[in-house]
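Trainee: Protein sequence lines correspond, in order, to chains A and B. Note that our numbering numbers the first sequence so that position 87 is 87, with each residue one more than the last. Note that our numbering numbers the second sequence so that position 1 is 1, with each residue one more than the last.
Keep in mind that the hints were calculated from the coordinates and are not lab data. Note that this is a predicted model, so its numbers are computed, not measured. Don't be surprised by glycine CBs; every beta carbon is placed ideally from N, CA and C. Some clues are possibly wrong.
[Stated by the list, open to error] Subject to a maximum C-alpha distance of 25 Å in a straight line, what follows is the list of computed DMTMM-like cross-link-like pairs (lysine to aspartate or glutamate): (1) B:K42 to B:D28; (2) A:K123 to B:E89; (3) B:K42 to A:E63; (4) B:K42 to A:E178; (5) A:K38 to B:E50; (6) A:K90 to A:E178; (7) B:K83 to A:E63; (8) A:K38 to A:E63; (9) A:K38 to A:E22; (10) B:K42 to A:E18; (11) A:K38 to A:D28; (12) A:K38 to B:D21; (13) A:K90 to B:E70; (14) A:K123 to A:E145; (15) B:K42 to A:E145; (16) B:K42 to A:E160; (17) A:K123 to B:E90; (18) B:K42 to A:D68; (19) B:K83 to A:E31; (20) A:K123 to A:E22; (21) B:K42 to A:D28; (22) A:K90 to A:E63; (23) B:K42 to B:D21.
[Claimed, not checked] Label pairs and their in silico Cβ distance ranges: (24) A:D28 to B:E18: 36 to 44 Å; (25) B:D92 to A:V76: 45 to 53 Å; (26) B:G44 to A:G172: 24 to 32 Å.
[Stated by the list, open to error] Where chain B lies over chain A, by a calculated footprint (3+ residues, C-beta under 8 Å): (27) 4-15; (28) 70-79.
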Amino acid sequence: MSGDHTSSVISAQVRHVEALLESRGLLDNGEIDGRIDKFLTRGSPANGARITARAWVDAGFSERLLADANSAIREVGLSMAGGLQEQRLKVVVNTVEEHNVVVCTLCSCYPLALLGPSPSWYKSEAYRSRVVRDPRGVLREFGLELPERTRISVWDASAESRYMVVPRRPEGTEGLSEEQLAALVTRKGLIGTAAV
Amino acid sequence: MSRINDVGGMAGFPAITEESDEPPFHADWEAHVFALNGALIKRGVYNLDEFRDAIERMSPEEYLAASYYERWFTAITMLLIEKGVASPEELDLPHG
């Protein structure tokens, strides 16, 4: 981790490069701030939670979601085309028999539009190297102990493909509305490092 | 031969640490680096694949020592030089 001194040096370097690019007409005034704002407001785990709750209550939607996630999420007003290039989305569903977990071993590919900015642990070498070798052990470190009989599938994202997990619907939630169900779903549940 | 970024299955990395209530960026400069990259790709100065490739071309020592957005900034400056947008001297902070 970088200390304060490194941080102030790199901060000055970044400002210097920005000013240079502005002077060459490669960057507009205010463009950086606009991009930061757009990124921070574009995606949030609430989007993935909304997809999950809809899949829990609507079997037809769930089926369409598994068959062609890019099309299905448009039904709830979401899209994978808002970033630098459209990405193929595959949604995988947890069951008693199978648990799914997502990683990007090569870098940090992540469904930003559905989950918002990614946590540092997702981008760490520790997670990327270990979850493919020992997923059960890694999930245990996250506090998720799965029964031996549950198979674990690890999905490795790439430049063109993104994955999202639909967690298992918790028991005793039959009476809840779609909105209340969505509120139960966490970012880690959508990555697969938590039960829901 | 795989590059250093290809860590899947590699042994020797420490336990995973989670940060509670983690902000999207840990410093303003990180947000600026993120946005700068998007702006340069949109302008066609380089494309997303060239950007990934630049990160992956870092030496293992440099890659492992750098934080996530330090890698991004290194890749951006590498590409600005290689594309002839600026010289290393111009990108360096003025001394004095």
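Trainee: Please go over all the hints and tell whether each is borne out by the structure.
Mentor: Each hint tested on the structure:
1. B:K42 to B:D28: 21 Å, holds
2. A:K123 to B:E89: 31 Å, violated
3. B:K42 to A:E63: 36 Å, violated
4. B:K42 to A:E178: Distance ~38 Å between K42 of chain B and E178 of chain A Cα, so the pair is violated.
5. A:K38 to B:E50: OK: K38 of chain A and E50 of chain B at ~23 Å, within 25 Å.
6. A:K90 to A:E178: 22 Å, holds
7. B:K83 to A:E63: It is violated: about 47 Å lies between the C-alpha atoms, which goes past 25 Å.
8. A:K38 to A:E63: 32 Å, violated
9. A:K38 to A:E22: Distance ~20 Å between K38 of chain A and E22 of chain A Cα, so the pair holds.
10. B:K42 to A:E18: 15 Å, holds
11. A:K38 to A:D28: 16 Å, holds
12. A:K38 to B:D21: 21 Å, holds
13. A:K90 to B:E70: 30 Å, violated
14. A:K123 to A:E145: With a Cα-Cα distance of about 23 Å, the restraint between K123 of chain A and E145 of chain A holds, given a limit of 25 Å.
15. B:K42 to A:E145: Not OK: K42 of chain B and E145 of chain A at ~44 Å, beyond 25 Å, violated.
16. B:K42 to A:E160: Holds - the C-alpha atoms of E160 of chain A and K42 of chain B are around 17 Å apart, at most 25 Å.
17. A:K123 to B:E90: With a Cα-Cα distance of about 31 Å, the restraint between K123 of chain A and E90 of chain B is violated, given a limit of 25 Å.
18. B:K42 to A:D68: Given that 25 Å is the threshold and the Cα spacing comes to 28 Å, the pair is violated.
19. B:K83 to A:E31: 22 Å, holds
20. A:K123 to A:E22: Measuring from Cα to Cα gives roughly 30 Å; hence the hint is violated.
21. B:K42 to A:D28: Cα-Cα ~12 Å, so holds.
22. A:K90 to A:E63: 12 Å, holds
23. B:K42 to B:D21: 31 Å, violated
24. A:D28 to B:E18: 36 to 44 Å: 38 Å, holds
25. B:D92 to A:V76: 45 to 53 Å: 48 Å, holds
26. B:G44 to A:G172: 24 to 32 Å: Once the Cβ atoms are compared, 54 Å apart, the range 24 to 32 Å for G172 of chain A and G44 of chain B is violated.
27. 4-15: holds (count 8)
28. 70-79: The restraint on the region 70-79 of chain A is violated, since only 0 of its residues have a Cβ under 8 Å from chain B and three are required.
Checked against the numbered hints above, the structure violates hints 2, 3, 4, 7, 8, 13, 15, 17, 18, 20, 23, 26 and 28; every other hint is satisfied.
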